[in-house]
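**Q** Throw the hints in and build the complete structure from the sequences for me.
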Amino acid sequence: MKFHNLFVVALCFFTASITSAHEGDCPYCKLKLVQNTPEQDNEVVLRFGNKKIEYRCIFCVFKDQKRYKGDLVVYAPSEKVGEPVILKRTDGKWTAPEGAVFLNSFKKHVDCAALSRAFSSSAAYEAYVKKNDLKETKAFTLLEFIDFVVKPAK
Amino acid sequence: MKAIVALGILGMASLALAQSDHNNLDKERPLTFEDAYSIAYRSYELQTGLSAFAFLNRRPQYGLRTEIQYGFAKNRDLSIGWDPVYDSGSARLRGNNLELSYFEGLSREIGNAPAIGYRVEMEAPTTGSARNADVRARLILSKQARTYDKFHLNLGVAATGKVAFGAILGYSLPLGYPNHFDTTFLAELGIEQSRMDSWQNSWAGIGIRRQIDVTTVLDYSLRMRFGSAVSESRNSLTFTVGLSKSF
Amino acid sequence: MIALLGLVLSAGFGQDRLPPVPPDLPSWIRAKGMDELYYKSAPYNWSINRIPKFARDMYATGVGHSMAYEALASGREAELETTTFERINRILKNPPRLPVDEMALSPTFVRKYGYLEKVFDWAHTLHFQTIDVLAYPGWSDSRKEQELEELWSFYQSEPYALTGLPMNMEYLDSFPYSKGFRQKYPKVNGLFWGYHWLQTVNYDMLYRVPTADQAAQYEVIGERYREVELYDETRDFMPMTAELSPRFAKRFPQLANAFDNLHMLHDNVNDILSQPGLTDLQREQQIQIAIYRVLDSTHRGESEDTLRPNSLHDHRHPPSMPGMGMMVGSDEDEMYMSGMGWMNMSECGHCSVPMPEEEPWGATVTADGWTMSVRCLMCARDMASETPGRAIIRAATEDPKKLLILVSDEEGNWKPNLPNVVFLEKFGEHPDCSGWSRAFTNDSALKQYLVANPEYAGMPGLNLSAWSKLNQGKPDTYRRIDRPNPYKRGGNK
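Residue numbers (this note's numbering), protein chains in the order written: chain V, 189 to 342; chain F, 13 to 259; chain W, 29 to 521.
Rather than coming from a laboratory, the hints here were simulated on the basis of the structure. Hints are supplied without guarantee of correctness; some may be wrong.
[Unchecked claim] Derived pair list, reagent style DSBU-like, types lysine-lysine, alpha-carbon separation capped at 35 Å:
| hint | chain 1 | residue 1 | chain 2 | residue 2 |
| --- | --- | --- | --- | --- |
| 1 | F | 257 | W | 516 |
| 2 | F | 155 | F | 86 |
| 3 | V | 218 | W | 121 |
| 4 | V | 319 | V | 251 |
| 5 | V | 257 | V | 318 |
| 6 | W | 215 | V | 295 |
| 7 | V | 339 | V | 323 |
| 8 | F | 257 | W | 121 |
| 9 | W | 212 | V | 296 |
| 10 | V | 326 | V | 254 |
| 11 | V | 296 | W | 502 |
| 12 | W | 430 | V | 251 |
| 13 | V | 257 | W | 60 |
| 14 | W | 454 | W | 430 |
| 15 | W | 516 | V | 218 |
| 16 | V | 257 | V | 319 |
| 17 | F | 86 | W | 60 |
**A** Structure, rendered in structure tokens:
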């Protein structure tokens, strides 16, 4: 991602963070949650029983999933406003809608909300990569994404 | 006699397994020595103990000592005690005297100086069979030995017409530290002048104080008297079990 | 003479001057007696044992304090984060069943700083007796409140009593030696702040809570204490009573302030004992000065109106919270709270609408190591459901004598103390939420409320199961205070 593009995305999130209403910190990375904007959803919501917990990005959700003993539903913001990609963990097994792909290319965690995302299709993924001029990215399947995220740090 | 020794050994065996500590050491609970600290200001403490005295050449005696203490001021307490003795040989109960006692803690341990306290006791006869009335005073020094264990030197003087001196070296060691905190092992070596001016009375003892709830301590001890001005008391054993309750 | 010598030595310490010994240092500090005090004789004593796990954890805090102080006083600070930490941790994981004589565990410390132990011991007695009163099943809430006032007078009758006035925490943590211990010994400092978390979070667990409903809360609090709080090295500042037991601190500000002042004294002492380059005399003097700063006698005749900002006699407090002194970066009711960020103590932690002045007082939520005041049951539930882990809600009902206690599991399934509890929730404007989101002890109480409040006529009562599944999302009134962490380098002070 070129610096100015990243800057624009980051500025958009920052602006959102001080104008939006209810905003806490991510339970995993402790950074501020990034709120939805009219152009793009950013709020990652994890449902666990009656709990409805917000995360900063899907990377954080998968990093933190071990703390929950039971079935989970994750509403991962997609390229379409109001239409999240719904991920489920049932009996420990994760599933995603057919065709969903995932991006995870941030170098610094502060960029995670922009660069760790779900897409309903490869085409939507390609469009996002192109729009934000992202280089050296890879479209992960859900299992590849999980494998990538939970692998031990080198 | 055998039964008492067996009971004492049993007590010691459970000590070895016992865990931690109760730290405030009072006279006769269960050994003769005490530490240089008073009971807490505003507290009352009821102490009672049953002793069995076993002799080589005569039938045993049994004592029931009861004492109540009151911390009437900071570092000071008053107490009143009574220890009647039952002689199974003569089947007679000896009332003994009432003890009135004043204790004052002069200093806690500061730097390398020991804690210092003193006690003054007076006895008042209760029955015709009571001992002669005494006035006794005791200077007490307590000093940390290594980490948690302490030495306690009790230097006493008694006046009953004649003046007699005595000394007890006491030792206390919390058991089980740093994992457990409710048991203290005690030991003492004592010597005192008899009324005949010779240093004939000498004894050694070991004991345990064990906290059984927040305000109650169970104690037990075994004491052996080596020398005594009274010949039949020589080589006698005393087994004591007692209870202290503060309120 | 000693004071003069102190001044001379102070001037030689590093580049910063150490605080000088005050001329009016109380004479009892130099007294030689042990001065052991008995607690107030009362039927409630040791009621803490009615919650055995809590009692044992509390007893272990005494062991933890003593072992760390003994290591510091006997020159073993090099092993504080290793051997001593492990030894303490072993006790914390296997806590004693009976209270422990702290002086017996730290003989070297007591030989050097016996006067300090008197202050600690007396304040710890107050901690325990306050708990005992609140955990005692034999008295009504009003009798307990009366007793706490009497207990406070009893505590103040001794010269070792700490002040119940709020103190400026930024000032008390601003000396040349300040903050050293937490930086140099983060693991053991984490333990200390963990103990102080437990010693402050428990009061709202007990205050006005029926004694039968106290132990269930400790399942959540104890787990949090043992698994997280003891080992948290990221906390910015020591836990404050008003932060963790806001309801208790508001009702008994003198107690809350005394506990905070005690905990700050612990921090000062830790900093002084671990400060390299101090002579024994300097250490002793600085500890005496630290005691002097927070003694009741030092502030006698002063009040919360004594305003000398950021000084020893700064007794300001947030307007809505008399039980807390001013903190780093505090501004009126706004304070920075570890784990929650900036908060306004006069507002609902969930919807930012001011807390009600009248009954019902609202609710508190304890989750993830914090406790927040909220206006209504809906705010409480939604705030808890946004937070991972188990949670506790304590909420007002229509009966001021009956508090609703809800304890949740990890999935947000609630267990109530009132078997017939019924809820009203007719989602509307947040500023009115304490009217349309309420709990009732039973169905007939709800019906009476609906009759008295026709605007809610026809609303069905919700049982716990139906109510638990609701979630009204983000309140449109919520206002985040977007300021940097004042404890971080570069943060605003």
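**Q** Quick one, are residue 326(V) and residue 254(V) close enough, alpha carbons at most 35 Å?
**A** It holds: about 25 Å lies between the C-alpha atoms, which stays within 35 Å.
**Q** Given the proposed pairing of residue 215(W) with residue 295(V), does the C-alpha separation stay at or below 35 Å?
**A** Distance ~31 Å between residue 215(W) and residue 295(V) Cα, so the pair holds.
**Q** Please verify whether residue 296(V) and residue 502(W) have alpha carbons no more than 35 Å apart.
**A** Between residue 296(V) and residue 502(W) the Cα gap is close to 29 Å, so the pair holds against 35 Å.
**Q** Residue 257(V) and residue 319(V): Cα distance at most 35 Å?
**A** 38 Å, violated
**Q** Take a quick look at whether residue 430(W) and residue 251(V) sit within 35 Å of each other, Cα to Cα.
**A** 42 Å, violated
**Q** Is residue 339(V) within 35 Å of residue 323(V), Cα to Cα?
**A** This hinted pair holds, its Cα atoms lying about 22 Å apart.
**Q** Quickly compare the C-alpha distance for residue 257(F) and residue 121(W) to 35 Å and report which way the hint goes.
**A** This hinted pair holds, its Cα atoms lying about 29 Å apart.
**Q** Next pair to validate is residue 319(V) with residue 251(V); report whether the Cα-Cα distance is within 35 Å.
**A** Holds, at roughly 28 Å.
**Q** Given the hint that residue 86(F) pairs with residue 60(W), does the C-alpha gap stay at or below 35 Å?
**A** Answer holds: residue 86(F) to residue 60(W) is near 11 Å, not above 35 Å.
**Q** Next pair to validate is residue 212(W) with residue 296(V); report whether the Cα-Cα distance is within 35 Å.
**A** 29 Å, holds
**Q** Has the given pair, residue 454(W) with residue 430(W), been kept, meaning a C-alpha gap of at most 35 Å?
**A** 23 Å, holds
**Q** If you draw a straight line from the CA of residue 257(F) to the CA of residue 516(W), is it 35 Å or shorter?
**A** Violated - the C-alpha atoms of residue 516(W) and residue 257(F) are around 52 Å apart, more than 35 Å.
The structure fails to meet hints 1, 5, 12, 13 and 16 from the earlier list, while all remaining hints are met.
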